[in-house]
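**Q** Sequence order for the protein chains is A and B.
Be aware that the first sequence starts at 1, since it is given in full-length UniProt numbering, and climbs by one per residue.
Be aware that the second sequence starts at 1, since it is given in full-length UniProt numbering, and climbs by one per residue.
None of the hints are false.
Per the computed footprint, the stretches of chain B lying under chain A, defined by three or more beta-carbons under 8 Å from a beta-carbon of chain A, are: (1) 80-94; (2) 281-291; (3) 419-430.
Some chain A residues judged to face chain B by a derived CB distance under 7 Å, without partners named: (4) ALA67; (5) ASN169; (6) ALA172; (7) GLY258; (8) GLN266; (9) PHE281; (10) ARG282; (11) GLU283.
Derived Cβ-Cβ restraints for the label pairs, each shown as a range: (12) A:PHE55 <-> B:LYS130: 37 to 45 Å; (13) A:LEU155 <-> B:GLU81: 30 to 38 Å; (14) B:PRO250 <-> A:LEU107: 53 to 61 Å; (15) A:GLN202 <-> B:GLN435: 57 to 65 Å.
Because the hints were derived from the structure by calculation, they are not lab data.
Being a predicted model, the structure only gives us computed values, none of them experimental.
No residue lacks a Cβ here, since even glycine has one placed at the ideal position from N, Cα and C.
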Amino acid sequence: MSLDTPWDGSRSHRRRARPARRRWRSRFDVKAMPYFLVSPYFLLFAAFGLFPLAFTLYYSLYDYDLAGTTEWTGLGNYTALLGDEDFWRAVVNTVAMFFIATVPQMLFALFLANALNKRFKFRLAIRMSVLLPLVTSVVAVAVVFTQLFARDWGLVNWILSWFGVDAVNWRAERVPSWLAIATMVDWRWTGYNAIIFLAGMQTIPRDLYEAAAIDGASRRRQFWQITLPMLRPTLIFVVLNSTIGGLTLFSEPTTFYGGNVDGGSQGQFQTVAMFIVKQGFREFDYGYAAAAAWLLFLLILIGAAINFLFVRRIGGTK
Amino acid sequence: MMISKRRGLTAASVLAAAALTVASCSSGGGGTSQSSAPASSGAAEPVTIRVQTFGGGSNFGYKNAITKWNAEHKDIQIKEEHLTDQFEQQYWPQMIQWLTSGTGAGDVVGIDEGGMGLAKAHPEWWADLKEYGLDSRKADFPAWKWENGVTADGKVFGLGTDIGGMSLCYRADLFKKAGLPSERDKVSALWPTWDEFIKVGQQFQGKVKDTKWTDGTNTLYQVYLYQEAAKNGNVTYFDQQNNLIVDKNPAVKNAFDFASKMSQQGLTAKLRNFTDEWAAGTQKGAFATVGCPSWMLGVVSGNAGDGGKGKWDVAAVPGGGGNWGGSWLAVPKQSKHPKEAAMVADYLTQAQTEASIFTDFGNMPSNTKAQQDPAVQGAKNEFFNDAPIGEIFAKSAASLQPVFLGVKHAQVKNAIESVIQGMDDGSVPYDKAWQQLVDDAVKAAG
Numbered sequence: 001m002s003l004d005t006p007w008d009g010s011r012s013h014r015r016r017a018r019p020a021r022r023r024w025r026s027r028f029d030v031k032a033m034p035y036f037l038v039s040p041y042f043l044l045f046a047a048f049g050l051f052p053l054a055f056t057l058y059y060s061l062y063d064y065d066l067a068g069t070t071e072w073t074g075l076g077n078y079t080a081l082l083g084d085e086d087f088w089r090a091v092v093n094t095v096a097m098f099f100i101a102t103v104p105q106m107l108f109a110l111f112l113a114n115a116l117n118k119r120f121k122f123r124l125a126i127r128m129s130v131l132l133p134l135v136t137s138v139v140a141v142a143v144v145f146t147q148l149f150a151r152d153w154g155l156v157n158w159i160l161s162w163f164g165v166d167a168v169n170w171r172a173e174r175v176p177s178w179l180a181i182a183t184m185v186d187w188r189w190t191g192y193n194a195i196i197f198l199a200g201m202q203t204i205p206r207d208l209y210e211a212a213a214i215d216g217a218s219r220r221r222q223f224w225q226i227t228l229p230m231l232r233p234t235l236i237f238v239v240l241n242s243t244i245g246g247l248t249l250f251s252e253p254t255t256f257y258g259g260n261v262d263g264g265s266q267g268q269f270q271t272v273a274m275f276i277v278k279q280g281f282r283e284f285d286y287g288y289a290a291a292a293a294w295l296l297f298l299l300i301l302i303g304a305a306i307n308f309l310f311v312r313r314i315g316g317t318k
Numbered sequence: 001m002m003i004s005k006r007r008g009l010t011a012a013s014v015l016a017a018a019a020l021t022v023a024s025c026s027s028g029g030g031g032t033s034q035s036s037a038p039a040s041s042g043a044a045e046p047v048t049i050r051v052q053t054f055g056g057g058s059n060f061g062y063k064n065a066i067t068k069w070n071a072e073h074k075d076i077q078i079k080e081e082h083l084t085d086q087f088e089q090q091y092w093p094q095m096i097q098w099l100t101s102g103t104g105a106g107d108v109v110g111i112d113e114g115g116m117g118l119a120k121a122h123p124e125w126w127a128d129l130k131e132y133g134l135d136s137r138k139a140d141f142p143a144w145k146w147e148n149g150v151t152a153d154g155k156v157f158g159l160g161t162d163i164g165g166m167s168l169c170y171r172a173d174l175f176k177k178a179g180l181p182s183e184r185d186k187v188s189a190l191w192p193t194w195d196e197f198i199k200v201g202q203q204f205q206g207k208v209k210d211t212k213w214t215d216g217t218n219t220l221y222q223v224y225l226y227q228e229a230a231k232n233g234n235v236t237y238f239d240q241q242n243n244l245i246v247d248k249n250p251a252v253k254n255a256f257d258f259a260s261k262m263s264q265q266g267l268t269a270k271l272r273n274f275t276d277e278w279a280a281g282t283q284k285g286a287f288a289t290v291g292c293p294s295w296m297l298g299v300v301s302g303n304a305g306d307g308g309k310g311k312w313d314v315a316a317v318p319g320g321g322g323n324w325g326g327s328w329l330a331v332p333k334q335s336k337h338p339k340e341a342a343m344v345a346d347y348l349t350q351a352q353t354e355a356s357i358f359t360d361f362g363n364m365p366s367n368t369k370a371q372q373d374p375a376v377q378g379a380k381n382e383f384f385n386d387a388p389i390g391e392i393f394a395k396s397a398a399s400l401q402p403v404f405l406g407v408k409h410a411q412v413k414n415a416i417e418s419v420i421q422g423m424d425d426g427s428v429p430y431d432k433a434w435q436q437l438v439d440d441a442v443k444a445a446g
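Looking at chain A on its own, in the form it has when it is part of the complex (with noise of 0.2 Å):
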């Protein structure tokens, strides 16, 4: 970071008499203010990132009941996570859970950024109207959504029943809670993801629209061979986002199972980061929920990893 700019120089060659504290003052404003001024992120990230994370990193390697002992274990909470079938039960639900969200909802936001691309009254009000889901409470969400997968009266039931299909126990089965999630999931963030994938279709310059359209691109074609690849940098980062949402997911599985983390009797949609917080606060073993919470952390680098490759091809000119 060179702050000798020619502007700067000037000023302290014209100043040459200056006195030396004032000269002090003014190399500690030029050098030492700009970490000064970026400092609050970092002092924070200090205190609520890397703290938690060197702790539980720590304590990872106790075996620390949470109203007992502590003992030195070393990576034994580790080995005893790989062989745990509950815990790879969790990763299961958790992975599928996020198939089963994520790649409709992706479609689905991109889709509905494009449609609100374009010119029609009211445009900012709908534009807006789809960030609601956003912005009411998880706990309502959970409410009526517990109620539309209720078994006995439920919504969806009902409308199954037309078509001759049996209720289906949406707790007790596993993959029709998965399902049931899903849909809780994409309500509230498909808007959230459309706001963020219009933000960046409308920085693709027009021009290039309308050179296709004198070629004789149809919309569609427009679509996949301008606005999509245009798009690739937005689309990265919103599918990092929701990998790493995706792979935490807590609060609307927690909610629909009444906001217990077992996700159903036999933890049929228990997410790794319900199993985190059972192990921890509820069977109060304490370094054995730090240890599947690295472990966590390492299963969404790689999500991460996986979904940024996918991506990159996306729509690529190469």
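Starting from the known structure of chain A, fit chain B onto it as the hints suggest.
**A** Quick look at chain B alone, frame taken from chain A:
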């Protein structure tokens, strides 16, 4: 980053809002009121004592008792915080976090019998009520109820609130519809044993199509388990030395077999007790019977709402008595007003208070003086068609057997109930359920 942060926030708020109301208002009053003798100086700011409770419906039944106290004590105000319906899954884990971290717990907290083993093992969490003269209350309670509130080193930390007792709540109107007798003595005569209970259930379901015989597998499983425990050394999942005996105690296997039988015969509405769906099911008449320890009367009437008044009634439980449940009140050491909190705990467990809770809501007093109160002995419950609950519960109160529950009872109970519920909702095959129950119990106890 944005999404994950937001999700993190919502996750936190879900924990806070859906599971528990976080202690946003710390005990009012502030530090100044602590030193001033209550009531003596008119200028003293009132001390707010937060009483934290759990349970469905009217839970501890403190509504009227607190209104009365607050009207009479301007210097000490009680604020009840009903945190959640679910003890093992939500209330107790949260409480333990508060107790270990040294902040967040109320001034008086309710503890279910399932948590007492752990509570006793941690005397450092609790204020010693002896310091406030409450060892004088010893004579008010049956020996077992009193002793469970005393730690190994002699600290008095818990005062007894209610006790279990046992009955069966049933929908008289639906019984009529099924052509069964609906009058409570005749209903009791229908099922001297559990086999007959199941038989009547099949008969019932043959007549009334859209109503199941009972709520789910878990409620009656507990009722059965406590009856069996009395025949097997008064232990359930742990022996007196805190060893896990799930696979060795015949009480557990018998109760499991019974639950499995009910489920296989399709007699359950497949609802897990203390969930929202269960409460909704009570209100909508999804089932005709539910196992009712005395405190369950308040839960059922609370869940059913005014619409259920007069439709519900109370009969004898098949297989005789049993003692499921009952709670204690304790004062956490972190309370800023332990003296006032002790006064409140004292008040809420007085004979008069416990007696009025029984007549208002049905929670059976553990206070022996309250049990002998003629008002309790002759009490009738309006909601349950004026059932003579004094006769049903109070008479047997003295003979109740205390059941020993281990330090990790809450975790093991939750694991076992999940398997029994899973068997009912189809996620655990019947023939594999027992093995899984044992395995999961071992895991939860580990």
